[in-house]
Each structure stands twice: as C-alpha cells, then as structure tokens.
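The chain contents come next:
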Amino acid sequence: MEESNEFSYPGLYEVIFMKTEKFINTVLNWGRSNSLWPLTFATSCCGIEMMTFGATKIDSDRFGVLFTGDSPRQSDLILVSGTITKKMARRLLNVYEQMPDPKYVIAIGACNVSGGLYHDSYNTIEGIDRIIPVDVFVPGCPPKPEEFLDAVKVLQKLIKENRSKAQKNGNIGQA
Amino acid sequence: MGKEKIMRLNFGPVHPAMHGVLKVILDVKGDTVIKAQTEIGFLHRASEKIAEMRYFSNYYPIMDKLDYVSALNMEILYASVVEKAANIEIPPRAVYIRTIMAEIQRIMSHLIFIGSFGEDIGNMTGFIWALRERELLMNIVEKVSGGRLAPMYICNGGMFYDFPQGIEEEILKVLSVIENKVNHEYNAMFTKNQIFLSRTKGIGIITTDMIKKYGITGPIARASGINRDLRKVSPYLAYDKVDFDIPTEKEGDTYSRFVVRIREVLESIKIIRQCIKDLPAGPYKTVVPWIIRIPKKDTLVKQESPRGEMGVFLVTDGSDKPYRLKLRSPTFFAIHALQELLVNIKIADIFVIVASIDPVMGEVDR
Amino acid sequence: MVILDKLKSTIKGDLEVIDSEPDLLVIKIKNKKLIKKLAWQIKEEFDILYSLAVVDYSPDFELNYIFSNYKNAEILILKVNITEKDFAIDSITDIFNSANWEEREAYDLFGIKFNGHPDLRRILLPEDWPGHPLRKDFKVDDEIRNWTGLDLKF
Numbered sequence: 001m002e003e004s005n006e007f008s009y010p011g012l013y014e015v016i017f018m019k020t021e022k023f024i025n026t027v028l029n030w031g032r033s034n035s036l037w038p039l040t041f042a043t044s045c046c047g048i049e050m051m052t053f054g055a056t057k058i059d060s061d062r063f064g065v066l067f068t069g070d071s072p073r074q075s076d077l078i079l080v081s082g083t084i085t086k087k088m089a090r091r092l093l094n095v096y097e098q099m100p101d102p103k104y105v106i107a108i109g110a111c112n113v114s115g116g117l118y119h120d121s122y123n124t125i126e127g128i129d130r131i132i133p134v135d136v137f138v139p140g141c142p143p144k145p146e147e148f149l150d151a152v153k154v155l156q157k158l159i160k161e162n163r164s165k166a167q168k169n170g171n172i173g174q175a
Numbered sequence: 176m177g178k179e180k181i182m183r184l185n186f187g188p189v190h191p192a193m194h195g196v197l198k199v200i201l202d203v204k205g206d207t208v209i210k211a212q213t214e215i216g217f218l219h220r221a222s223e224k225i226a227e228m229r230y231f232s233n234y235y236p237i238m239d240k241l242d243y244v245s246a247l248n249m250e251i252l253y254a255s256v257v258e259k260a261a262n263i264e265i266p267p268r269a270v271y272i273r274t275i276m277a278e279i280q281r282i283m284s285h286l287i288f289i290g291s292f293g294e295d296i297g298n299m300t301g302f303i304w305a306l307r308e309r310e311l312l313m314n315i316v317e318k319v320s321g322g323r324l325a326p327m328y329i330c331n332g333g334m335f336y337d338f339p340q341g342i343e344e345e346i347l348k349v350l351s352v353i354e355n356k357v358n359h360e361y362n363a364m365f366t367k368n369q370i371f372l373s374r375t376k377g378i379g380i381i382t383t384d385m386i387k388k389y390g391i392t393g394p395i396a397r398a399s400g401i402n403r404d405l406r407k408v409s410p411y412l413a414y415d416k417v418d419f420d421i422p423t424e425k426e427g428d429t430y431s432r433f434v435v436r437i438r439e440v441l442e443s444i445k446i447i448r449q450c451i452k453d454l455p456a457g458p459y460k461t462v463v464p465w466i467i468r469i470p471k472k473d474t475l476v477k478q479e480s481p482r483g484e485m486g487v488f489l490v491t492d493g494s495d496k497p498y499r500l501k502l503r504s505p506t507f508f509a510i511h512a513l514q515e516l517l518v519n520i521k522i523a524d525i526f527v528i529v530a531s532i533d534p535v536m537g538e539v540d541r
Numbered sequence: 542m543v544i545l546d547k548l549k550s551t552i553k554g555d556l557e558v559i560d561s562e563p564d565l566l567v568i569k570i571k572n573k574k575l576i577k578k579l580a581w582q583i584k585e586e587f588d589i590l591y592s593l594a595v596v597d598y599s600p601d602f603e604l605n606y607i608f609s610n611y612k613n614a615e616i617l618i619l620k621v622n623i624t625e626k627d628f629a630i631d632s633i634t635d636i637f638n639s640a641n642w643e644e645r646e647a648y649d650l651f652g653i654k655f656n657g658h659p660d661l662r663r664i665l666l667p668e669d670w671p672g673h674p675l676r677k678d679f680k681v682d683d684e685i686r687n688w689t690g691l692d693l694k695f
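Protein chains in written order, with our numbering: chain A, 1 to 175; chain B, 176 to 541; chain C, 542 to 695.
Since the hints were made in silico from the structure, they are not lab data.
Errors might be hidden in some of the hints.
Capping the alpha-carbon separation at 30 Å, the derived lysine-lysine pairs in DSS-like fashion look like this [what the hints assert, rightly or not]:
id	chain 1	residue 1	chain 2	residue 2
1	C	Lys574	B	Lys472
2	C	Lys549	C	Lys577
3	C	Lys654	B	Lys471
4	A	Lys153	B	Lys318
5	B	Lys198	B	Lys210
Chain A extracted, bound-state conformation:
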C-alpha cells in the first residue's frame, strides 16, 4: 500500500488541545510532586531513621511530605524502610495494591536495594524490586535522614519530568 508522504498541519483545535493537555499535566505533576503523602512501611532499623526524618531536625513537612493518615488509600508514596522478609512479602504487595494511582515507591536501606547485610539469610528478600517497581533507591545501612530528603527531591524531579515508573507505565489514574 502506498503511504502518503503528505505532511498535514494539526488543526487549530488539536493544537489547543495538545497545549492545554501539556499545561494541565505540568500543573498536575507540580501538584503531585509537592504533596507526596507517604505511607510509612517501617519494618525495622530504617523506620527509626524515618521517624527522625519526620521530626524536628530534618522536618519533612517543608517538602510536602506530610506524615498524615498512614492509610494506603490516601497516600501517593510508599516509603519501604526496613528488611522485607518472605513472610512479609505478600503483605507489602497487598498494601501496595491498595494505593491509588499514581503511586511511587522509595526503597530505603541496603536490605531493600540488594539484600545488604542479610544477603545470605534464608528469610529475606534481596531487593524489593523483585516484588514491586521502585522509583528511587536509597543505599545505606541505615541511611542518614538527610538521604531521605535527597531521595524525596530526586522523586520530585522525576515526577516533574514525567519519568517516574507509574507515569512511564501510564498508571496515572484519573486526573
């Protein structure tokens, strides 16, 4: 079949639609990136540092990371801090599936990145990216609270540039 090489200009309405969609997306992403309400999935050591992250010295509230509610139904971000064991794996998946789209994941600590200290243990999972898609990895055992802040900044940048895992896969839910 012959292909048409003819170049056609988009119509006026199309242009307006495209521009508006882009504008709306930018505004939405700006909004999403600055109101990351986390679900604190604290299982072990990194959870204590996460408490420090929310407390006075670091004060995550400044960046829109409000520790409110703690319900998976109302959070955008899951902060997986602490070792995930094999018994816990299905619980993590359940909680993750309850969250509304778009959802972002920050894996905190060496255990969640690659297994870390417990790489030769029979009951831990070597990296939670085997179970759920992860946007930002934070190495360290446990990482300092400042690194949590860095991870949030990185995630905000990813969201603004439409590069988070949820946005790439098109799971952005209903705007």
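Dock chains B and C against chain A, hints included.
Structure of chains B and C alone, referenced to chain A:
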C-alpha cells in the same frame, strides 16, 4: 445484649500504631477484647544462622540491627561474650568508655520510647520533643563512632577509636540539657498532664505473678515491684564502681512502666557523670587479631539492655566461626504476656499497653 | 549451689556435673525422660526458663535448658541429648510457663517435637515453610535466596 456478635480484628503487621511488625489478632465483642493472640516472625532475619557463617569479628553489624534502638548495648553484649570465651582482657579505659556509651544508648532508647508512647496516645508534641533531645545524643554518637543508628563502634578487645578530644565536656553539656528537659518539660507534658494520667493509670496491670509466669525482665518487671537489675545483681563493665539506684514502682500499670523509664534516664545521667569523672587514661583497646579461634566451650553472658535481660549463649568448636549462637531476647517473653494482658480491655487501650511494653521487633524475631 | 544435692538425691547416678562456678551450674542428664521430674525439682529454686538453646551435633541434638530466678544471679544449665531417631521430648510448659514460646521456637527452627505442649505451632516462620532452617544440613543456597515467598499462604 446477647445478640452481640464476636468480631475478629487484625492489628498489624502494617499498622501505624503498632510498633514495628507485631500482629495481634483480637476477638472483639462490642468494644471489649475477649481473646487476643499475638503473631510474630515478620522480621525474622535469621541472625542466628548468619552467625554460623561469619567470623567472630564480622558479626557486629548484625548485632547492631537486632535491637536497633539500642545498638551499642547489643555490640557491647556480643563483645563481652566473645571476650569471655576467648579470655581477652580489656583495658580499664575501654571498660569505662563502654559504660558511658551503653548508658548514652540507654537514654536514647528510652527517649524513643517516650516519643513513640506519646505519639501512640496522641501526644505529638511529646514525640517531637523526645526526638529533639535524642538528636543531641545522636550527634555525640556520630562524633565518637562515625555512625548514627548502627554505629559499629565496639570491636573485640575494646573499640575502634578512642574518644575524640573534648567530647567529655560536650557530653556533660548535653546531659545537663536533657536532665533539665526531663525534670521540667516532660513532667509538664506527661506526668503532670491530666489527659495523660487518665489515659495510662490503672490499665494494663501486670502483677508480680504474671512477671514470674512469663519470665519478663527489665523495666517492665521493675514497674511491677521486682527489684532486679543485672547491673546491680551481677555487675559487669564498670557498674560496680559507680553509685546509682534502681527505680522501681509497685502498681505495674502502663503509667508506672513509663515512670520507671523516665527515672532510669536520670539514673543513666548520674552513671555517665561519674564515669566521665573517673575516666582513666591509657590504651583504649587490646589488640586482637581479626580472625580468632575459640576452643570448644559454651559461654553464657547476660546483660541489662534497655528492654530487659539480653543474653547470648555461644557455642564454639575451635574454628573461627561460632558453632551456634542463641540470643535470649527480653521482649520475646514480654510479648508472650500480651495474650493475657489484652483481655477484657477496650480497643482504644491496646495501643497504650503495647507501647508500654516497648517491643523492638528486630530483637523479638531475630 | 544448694540445688545440686537435691537434684542428685532425686536422680541417682544419671547426673553429670560439667561445670560448677559460684553463679553457674552446668549439669547433664543422659535419660531424657527425667526432664519433667527434674523440672519440678528445679521449680523450687528457679523461677523462669531463661532460654532454650538447641545445638545441632548431628545426629545428636543437645538441648540446653537455661534456668534463672529473680532473687540472684544464679544460672542453671541443664543439658539433655536427643537423637534424630527419637526426635521428641516431654514439654515442660506446664511447669515453666515461660517455656511455651521457647519450645515453639525450637520446634520451628529444628523440628523437635515437644510431647504435651498445648499449642505446638510454628512461631517465627510461616506454617507452610519448607524445612527447619537452623539445622546444620539446611544450606542457604541460591534457590532459597531467590525465592520471594509470595506463594506462602500464611
């Protein structure tokens, strides 16, 4: 009334008010719990199996993550058991530095308890304040060891580094700040706060018989009138050279468990002050090779961790790795008591009672 | 320790003293059926089962019952050997209530059966976990490390 159904309620393992990953299965009639079962093991990371694969010196990081709120106590405990098994003498300066660090860690652990207890009963200010004071001590730990939560400071025969210059004055300065805050601000926030008192007094009573039945130790036992502290009963480190009291209460309710821990903070401050005053000069470690071999024997060492009596039973067989390492964790026994403790109480009180046990699941599940 | 004479009078000849220090007494019994009889005797001096450490000397398994009390720093370690052929021992949960979870843990990680235990289930690992991981013949290989555990029912 007879038509009321029994409802099964799952608390945890992912619940913001549950400490760590403890799961409690409750049978509820109306608002009252009629049966409670606890399920643990969500953080079972196989610390005892990993011990059989590591050299004696390489096990300290795992020990850090056992009771991650009081990591230095765990390191000191493990160092003690290895040194006892291998007959390593540590210099007096190391003994005193270990005592100071153990007590600093005990204060930090209790501050976390105060903070999370406040958070659980809806007293968010208490949480923010306790973590603010903890951060001061965290800075000292960071200056001394280089790490924060998991410092990796203790090694076989002593510690990796000596105290940095001028840290003693800094510790004393921070201690006076904390003593001031505990004596004044925390009293206003907790022990003289009418809401706090009505929320905690008279609930979750653990009697002396229950303590003995379940084998509970530490601050929980002391809140029920059992005057036992391993630092006095079988003194280790430099505890026989310092003067301190064991705070005890009689009631055994959540309030007295809180008060015991608050008063323990003040006692720890007293211990650190005396240790800094008598801190001897000299070497800070006995040089020990990294890989050591320990002949075939069994060694049991027990020490008072902030949560109770922590013990290590080490079996060696002459090789460079432990043959078997069994950890005796205090909150493992305390959580067992929850099944009796949570019966016939209201749902709103569950959080207060669980928080007053102060479980750290890393140590329960190992 | 005072208790040693008492225990010796209870069991004649079957008791071996391994170590005796001021605060520590290590004894060993050969016959595992005596454990309940001894536990009643020990109950008079010691309040709690401090810990139960199982050591795998395959094919023999050594159970270290560690007893403690609230009065002083005394510790009694009672060693009992059981073999893989007859992999069960009497539970002492009805004598020392604090032994309940420790015995469940030993059942979980080593597979030792405790006769007469009120609620012998796994405690740390899920019910459908394959094998008993703290035995020496359980090797942590790539298969178990790569398994995510999502197919576990409990």
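Right, here's what the structure says about each hint:
Between the alpha carbons of C/Lys574 and B/Lys472 the distance comes to roughly 26 Å, so the proposed pair stays at or under 30 Å and holds. Note on C/Lys549 and C/Lys577: the hinted pairing holds, with a Cα-Cα distance of about 15 Å set against a maximum of 30 Å. Taking the CA atoms of C/Lys654 and B/Lys471, the gap is near 28 Å; set against the 30 Å cutoff, the hint holds. Only pairs whose Cα atoms come within 30 Å are accepted, and A/Lys153 paired with B/Lys318 is accepted, the gap being roughly 27 Å.
With a CA separation close to 14 Å, the supplied pair B/Lys198 and B/Lys210 stays within the 30 Å bound.
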